[in-house]
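Mind docking chain B on chain A? Use the hints.
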Amino acid sequence: MNDQQGFKDMPAEDASFLHSLLQSLQSLDWINLGWFAGVVFALVLLFVAGLKVPVRLAFASRVASATLVAAAALTVTILANLALFPPRRAPRPHARKGLHAVGGGARGRARAQ
Amino acid sequence: MRTLRILFAKELNATLTSPIGYTVAAVFLLVLGYTFSLTLFVTKVANLQYIFHQMYVLSILLVPVLTMRTFAEERRSETLELLLTAPVRELSVVLAKYAATLTLVIGIFALTLVYAVILDRYGEPDWGPIYAGYLALALHASLLVSVGLLMSSITESQVVAAALSIGAFLMLWFADSVSYLLPPPFDSFAINLSLIGHFKPMVSGSVFLSDIGYFVTASMLALFLTTWGLAQR
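So the sequences go chain by chain: A and B.
Be aware that the first sequence starts at 1, since it is given in the numbering used here, and climbs by one per residue.
Be aware that the second sequence starts at 1, since it is given in the numbering used here, and climbs by one per residue.
Just chain A, with the same shape it has in the complex (with noise of 0.2 Å):
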């Protein structure tokens, strides 16, 4: 294509493969997508911080330090998902149950409902 030819001189494929591109882009929920990256962005920040907690506790053993830090680490990326799934989302365990027992997804037919 030369710098003469526009958008409209591509071929049809294209054109329409663009088209849809940008629908697709246009569809996204960018407050969503900012939500995540900021969770994404404050557990990389913890996690970079729990890297200087110094390797034994000063009231603690070897041991119950290193499970401490496990555990802290475990329920940081617990909350962080609780964050990523907001609660308008959140299926009802029991409609997700029933949902399971007939072999569909559970996450995704809850979802869908």
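Any given hint could be a false lead.
[To be verified] Here are some chain B residues the structure puts well away from chain A; computed CB gaps all over 10 Å:
#1 Ser18
#2 Pro19
#3 Thr23
#4 Ala26
#5 Leu29
#6 Leu32
#7 Lys44
#8 Ala46
#9 Glu90
#10 Thr103
#11 Thr155
#12 Ser157
#13 Ala231
[What the hints assert, rightly or not] Beta-carbon label-pair distances, calculated as ranges:
#14 B/Leu170 / A/Ala42: 29 to 35 Å
#15 B/Glu81 / A/His19: 57 to 63 Å
#16 A/Ala72 / B/Leu4: 25 to 31 Å
#17 B/Arg121 / A/Leu33: 31 to 37 Å
#18 B/Val178 / A/Thr75: 31 to 37 Å
#19 A/Leu79 / B/Val31: 34 to 40 Å
#20 A/Leu33 / B/Leu111: 18 to 24 Å
#21 A/Thr67 / B/Gly33: 44 to 50 Å
Keep in mind the hints are simulated off the structure, nothing from the lab.
Remember, it's a predicted structure, so these values are computed and weren't measured experimentally.
We treat Cβ as the ideally placed atom computed from N, Cα and C, and that holds for glycine.
Frame of chain A; chain B shown alone:
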């Protein structure tokens, strides 16, 4: 960054010169090729969902074979101390091993793109679920590799590391089964812990940020624990 690049090149070289990667790739592609041909001839449907599920299962069984040697081998041959006393950060060591192994796994997955090309040549596949499926597989691989590294970092024996990894993956896979026995809200927690519960919607074309977040955060947790564990030494 330069240190990380050098370590990555070293790890990638070690991975690519070892016969393990090629053996795993050969087994992986052999089983997948058989399944793909069989499924295509029987169902005559141009989609890869069945193949993605097959890749999910196979990667759970085969990724531990790739990750088991990462730290366990270094511990056994006592080169880990050398590496950790060198002027490099533990995080760089872990990230280099993670990136090298993940590159190999994603490289093996990328070879299966030929199935999508075949479907495109002879049919009209729906590309949305295919793109989403490969995204799901990449995230899945990231989680498996990071947990595999964690397991390899806590033992000297490669076999023990592989067994621990497979055990952890299977527990994550079936985590939602225990939800039938748990009262609310713990049952919901168990369901959301499940690996397949986050994989299945993506493979069917429904990409949710919460599912991506599960894989990303779990990978980060495993990498953090691996790095912190190494720093303890």
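Assuming the hint says 34 to 40 Å, is it satisfied by the Cβ distance from A/Leu79 to B/Val31 or not? 39 Å, holds
Non-interface claim for B/Ser157 versus chain A (Cβ beyond 10 Å): 21 Å, holds
Going by Cβ atoms, does B/Ala26 stay more than 10 Å from chain A at every point? 32 Å, holds
Minimum C-beta separation from B/Thr103 to chain A exceeding 10 Å: can you confirm that? 21 Å, holds
Hey, is B/Ala231 genuinely clear of chain A, shortest beta carbon separation above 10 Å? It is violated; B/Ala231 is separated from chain A by about 7 Å at its closest Cβ, not greater than 10 Å.
Closest CB-CB distance from B/Leu32 to chain A, is it above 10 Å? Its Cβ never comes within 10 Å of chain A, the nearest being 22 Å, so this holds.
Please verify that the nearest CB of chain A lies beyond 10 Å from B/Ser18's CB. Since the minimum Cβ distance to chain A is about 29 Å, B/Ser18 lies beyond 10 Å and the statement holds.
Far enough from chain A: is every CB of that chain over 10 Å from the CB of B/Leu29? 27 Å, holds
Taking 10 Å as the cut and beta carbons as the points, is B/Pro19 off the interface with chain A? Since the minimum Cβ distance to chain A is about 35 Å, B/Pro19 lies beyond 10 Å and the statement holds.
Over 10 Å to the closest beta carbon of chain A is the bar; see if B/Ala46 clears it. The claim holds: B/Ala46 sits with its nearest Cβ about 19 Å from chain A, beyond 10 Å.
That 31 to 37 Å hint for B/Val178 and A/Thr75 (C-beta), does it hold up? 20 Å Cβ-Cβ, so the 31 to 37 Å window is violated.
If we take the beta carbon of B/Thr155, is the closest beta carbon in chain A still more than 10 Å away? At about 15 Å from chain A, B/Thr155 clears the 10 Å cut-off, so the statement holds.
Violated hints, listed in ascending order, are 9, 13, 18, 20; each of the other numbered hints is respected by the structure.
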